[in-house]
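Chains as they are written, first to last, in the working numbering: chain A, 1346 to 1775; chain B, 220 to 783.
Hints were generated in silico from the structure; no laboratory data involved.
Glycine included, every Cβ here is placed at the ideal spot set by N, Cα and C.
Every clue listed holds true.
In silico BS3-like links for lysine-lysine, alpha-carbon gap of 25 angstroms or less: (1) A:Lys1403 / A:Lys1752; (2) A:Lys1509 / B:Lys414; (3) B:Lys376 / A:Lys1511.
Covered stretches of chain B (in silico footprint by chain A; criterion: 3 or more residues with CB under 8 angstroms from a CB of chain A, positions within the stretch not fixed): (4) 295-307; (5) 551-563.
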Amino acid sequence: MEIHTDVICPFCGCLCDDIEVTVDNNKIINVKNSCGISRSKFMNNEINRIYHPSIDGKTVSYEEAVKEAANILANSVRPLIYGLSKIDNEAIRKAVYLTELIGGVIDNTASICHGSSIIARQTVGSSASSLGEVKNRGDLIIFWGSNPMDSHPRHLARYSVIPKGKYIPNGRKDRYVIVVDVRETRTSKLANEFIMVKPDSDFEIIQCLRAAVRGEKIQSENIGGVPINVIEQLANRMKSAKYGCMFYGLGLNHGSTKHLNIEALYSLISDLNHYTKFVVNPMRGIFNVTGAGVVPTWLTGYPFGVDMSRGYPRYNPGEYTSIDLLARKEADAALIMGSDPGGTFPIGAAKRLAKIPTITLERKQTPTTMLSKVVIPVSTLGIESSGGVYRMDEVPLEMRKVVEPPKGVGTDAKVLEDIIAIVESLKRCN
Amino acid sequence: MNDIIVKGGFIFDPLNDINGEKGDILISNGKIVAENKNRDIKVVDATGMVVMPGGVDIHSHIAGSKINAGRMLRPEDHRKDVVKKTKITRSGVGYSCPSTFITGYRYAQMGYTSVLEPAMPPISARHVHEEMADIPLLDKAAYTLFGNNLFTLKYVKAGDIEMLKAFILWLLRATKGYAVKIVNPGGVENWKWGKNVSGLDDLVINYEVTPRQIVTSLAKANEELGLPHTIHLHCNNLGVPGNYETTIETMEALKSIKPKSGRKTTVHVVHCQFNALDGDTWANVRSGASKIAKYVNSHEHVSIDIGQVIFTDTTTMTGDGPWQFRLSNLSGNKWVNKDVEMEAGAGIVPYTYKKGNPANSIQWAIGLELALQVYDPWRVYLTTDHPNGGPFTFYPKVITWLMSRASRNETMLEINKACMRRTNLANDYREYSFNEIAIVTRAATAKAVGLTNKGHLAPGADGDISVYDINPLNWAPSKYRDLEKAFTLAKYTIKGGELVVKDGEILSTPPGSTYWIDSTAPNEGELVKDVEVDFRDYYSINFRNYPVEETYLPMSHPIKLEAV
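Isolated chain B (complex conformation) (with noise of 0.2 angstroms):
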């Protein structure tokens, strides 16, 4: 591997708070130093660009049996972008839910060497990995899905936190792991009874504990453990008009969880636009993201990504069961359902956000509005949820809408006008600068999934970094069209060390690194005594066939965690 300097560029390195000054960056063995005496050293010619750190995606659904169950459900999908195999890479399909080896060369190709995978079902977790091994050129995580799992309701219900934690340490080790994944807490149990929940109080069925319950005892168990990210939380009520108020009122409910040290946040709720919704049915459905974002904006424990809607066909995808049924009957599309012993459940549902429709445009407008009205750049970062509000592909898109207005009005004009009388966009003047891209798409992703090498240019941080070819001294927000052009295809992306994308071409394939918790409670004996108990009785499989072998990660990225 030739150590490389990339040279010239503008350098946006929020962590390390340099914001567009010109320099230098140093990559030796696959990190970042600070000098390098090599006279072997390949030159990278940044001059005149834009240097950040590799894009670091903190929710997309990658691999595993959600997004292949949509692949296998999508032949018409796959027909309109199908990619030919080459020298250096494999051939696919692409669009809405792209096969493994074309996610990582898209991804790296916009300048994104880190993808966190956020719905892993414990019971098919070798799935997600063996999806993983086949993802190119990204370092990968995976959150494993507590929310609905029989053994999160027992230890909840009984509010025996000791067990919670060992049984929240054994399970990410078990499935390997990254984090606390909570969909719709109670509602995917109740809709294994065709039932849901509407809010934080209602009961689980056969469990008599409340969502409320579960979400502030998995919180509190996360920060006691100190889990590198906090709880990854898909609120109840998902897509149900006037959610707004339910979304607060969780945030509410985590406000006095005591953050593990070191930081401030105790959820993160995920693709909130889905979340903000004001109104009572779709017919009047208005945005609430404002009153989200004041609250954001007031309690420093929260952060969101923001789910951007596209106008586009994709494929929604959820561990929220209930919901896609509900969305299947909206839309009339095909539905596929996946119940999942125990632990729990997916529903799967093509669909098509339309310019013209009312609904569709107001949701584009949350997203936007989400990503401006919050003022903490480090609490509110890009996501589409892909492929949920629109394929990956499309962050350019939603890049420029938040660094100029104008594109913004472009794509205002052509949208039902429901999207002026019923939200606040038309009237936000703010634009986002490179420096707060840089944020909300790297390096506060990285700092709130605790990925403390990733997201900065500092010594020692991986080699992961991506040159975009666009000046920020001659660009302005009229010229959104250079600035897509240029973020959809990095001039260079450096993953550990290797310069594996040029001109938006990729150049090499190397695999990349898997991260899990490895970790161990004190009382963990104790633990598996009981959960072997129930696992004789309540599961198909035996348990000794349960955990994932390790071998199922090429590169393994165990971390242990220190307060344990």
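Next up, chain A with everything else stripped away, as it sits in the complex (with noise of 0.2 angstroms):
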């Protein structure tokens, strides 16, 4: 029996870095420290579990399937490979490659979450900083459009309510924390206060509070079912906060005005910091989700939406962009990993994925593999397979495995290394 300590969590954004797994005989038979999701992800890792490749849902050799998938994508016009949230940085670069190699589109999953927040980042910056800096200085915190007590499960405790800091001495009892939401939660349960606002009404009260930090009088005595005095006392908290943090969730990336609502967010805050610091943070979903869109950047410029069809990357977001190639029907082929589009795609574009010829790396069964032509077990990152990856804040740390992935499957990375290899072969050939 061995116990791991200082394991990286790999679930949300939030990779809790102290999880201690106990491991007997490669099973893991017990895990501390970590929360409820992250118990059952280490626990349940063999349940449902993909253990051969597979052709047209017929069991193949590895081979045969590799070749299969380099075959479809070599041969294919307009290749679409999504995901990329699940895996490590090494295999978002070899992805990043191999769509370059055959002129393809990668995309990951900010597609359909918080791209709203980086195309509002792209048109007015944004004040933001690590979680550490939340733990040691963040006495007033604002959860707008988010629920960490169920998408999150330790941030509260581990960064952003609960925790001593280097100048939050009592924990707790020095930050204020306020939850900005269309309903009653479990975070907001927590809360020192709660504003009840009504749904996709942010923008017009982020504007409005905008408007309250400069000191204007608002006419209005009621916005999106907030009292304006309470908007002007929000607006009076936040400019005598030492040093405030805002977290937002997808709440604010999904209503009607989309990446407005974070334009008006990211300003608001750029606003706050002529009267004081303040700073704001997306809770990012999924575990490597930050990384797939750091690595592209640094590789073609683009975090998501990379068409790289004429030989150099271009970026659209709502042309480039998975669910708009497949609604449009211009995807031709797909490779998918570390994410699960079958599930949380628009049942269109879906529907297309469906159609063509799709390969998905996958260590369980899911809503893809189901539709998929080409299925290509791998072994999960955290557990079975180190690797670097990003947390919500863009701090870099390498996941540690604690048991060996089944046998014959093997990581992200090497499967797309041999891919990758039939690929160069081919277009060497043509």
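Since each chain comes alone in its own frame, lean on the hints to assemble the complex.
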């Protein structure tokens, strides 16, 4: 029996790095320090696993599967490579190279989650911090359209609300916590103040807040279900914080005003820096979705929705993003890894994935594997293989493996490398 | 690997006192050798051309969270400079925030073979190394940020130089860093409360230490340890008119530090142009370059690099968060800020240096004035603080300004006349020689950072060579356009004994080494105990997950210090 300490959890963007995993005979028998979801991920790693590659549902050898995958990709006109959020940085690098090689489009799950945040950042910039600064200095914590108690269960305990920090000697007592949301949540119950807003009214509320921060008088009595005096109070509280921290979630990304919400929010935070120190951080979801943006950015200049069909990278969200390519029936082959678009995409896009030859690298049975032509099993990053990843605040960490993967199952990077080798030789022949 | 002979060129090898003499350079097994009896030798004909050691850039933001945030921030910058893949090279984007592969290609095409990344936040060191692994053709090293680090402030406050020394070595090893970088000492920590420092004797909030104490303590520790490079210092008050006084005061504070044996300098002041402003406001700003140059000329303990401004659209990025906020307010451009726990911070703002803008035209002149008025080229280096003053791809332009007064005059006629009235550039007749260019772009920079196998062509040196198609005998300063052309695309670049560029085109893309300091202080046990406690309490990651694994460096080149 061996105990692994300082293990990094492969679930959400928090990347908690204090997990203790007990392994007996290559089997995980206990997990400590983790949240419920993390525990379940470690303990149930073997459930629903895929152990053998398949083509059209029939088990084949690894070599056959890789060859078929390479053939599909090399012979397609507009291949799409999508996912990347649960694979390590090395595999993402290889995926970008493969995309370049086949003149495809590469996109990650930001496309359907925090893509609006990226667009907003490109428009107005943003003031951010690493999570340790929040722990050490944050005396005003605001969660806007995010419910970490359910989505990032240890965020409050490790970084944002509970912990004592260098300048927050009494932990929770030294912080004022506000939740802004459309309904009560488990997080709002823990807050000092809960501000309920009408759905899809964030944009006007934030803009009013900006006006209030600048000391402008607002005529309306009520904006988005929030009385104006509450907005003014909030503005004053934000201005008088020593180190204010805003965390926002998909609630803001997915209203009808999408990136305009986030632009308004980022501008609000920038405005506040004229009065005090204020930072804003998106609550990124999947554990390496941040890396899925960071790595393609250093290789291509762009974080998601990158088209390589002209031999150089182009970027245009809405045009080179996955759902759009699929809905327009443009993509004629797909390679999916580190994501389950079959379960998360709109039906029209998912149908297209089922129609074209789709190759999926996966650990477990998912809706996507069921609609794929080629399925190649891979090891579980963070449990069965090591690798570099980025936390939601872009702090890079190296995950460590605790058990050996099933026999004959390699890492995402290894499978990509084998596909690339065949594609390279096919391209040379042409 | 073929052995190579570079035949018949005019050799500029200032570290070995070779100034334009005709000769051959022999390379075998990646190194320069005195003789080579191998018959299978590749001949590189450099007849009528300039031969220099490969360029060594002492300060250029090429890798890590800052430049990458700049890339993410600026799709509009990439669009105007796209790079297609070829059979040999990867695709990417260029201009002010080039993607990693393109960074490597473009430096090599200009004859540069080593580049030092000047600002590595310790907690995101892995990011820097991941990107450097994707920059081919260059040897690299990264300077670790120390100036606002919790432990630095703590040991400086306690006056415990031995713990500070142990900490420097421990952190350099943990981050695989190469030198001690200091950015706006104290100011970045204060910025975490929305404040700054305005001079050497202001207090750091909660620590009661001053920038003066921080820089002198780090410099003392740095020299006692005998690190290959001095402290690499971004002074306080960057971008504030009148700041030349702070800069000189800072230099003066470091005068009494005893340098490590074998060198005279105790501080390298980076991108000095931004810290050489006279006047009271941006409205009446004038050049303070003469005052700085006068000080540097009479004090051997200082070296500087110029941080030349280029008239173009670029992306500014520094660890100096408060300055970037100020610049965003001055320019109205989008602003990115990042506070990094216990260690550092950063800011990014796109900026266009405009010819018609009086302040920008003065900044342009200041950089050149510094280069021309500091008489010892071994202590003033060519940089644009890429991409802060402008992209590194403009180095050939800077070279022509330094070598040709006619070229300077041409630019001066196009820009705001404030440059004539509030600087002395128009009165400066000095023109750099090829030898001096070789000094400020490779020989002196390699020497300053202590890369002893770089920057020269004596047997035993690394086989890094650049050949430029320009004949120094026929050249005159009036032909500055030919010069710019020759330095823009090297005729040949040889990296580690391999011919990688011919006629400005990439032939192959070998990876480069990463240099880092691998030494341990005798009191490291005590240090680690102390660090671990604060780590548990204040960091958001565990101590064991902090150090960068050596596997992140594909060609790791650890350096052991002699003195320790």
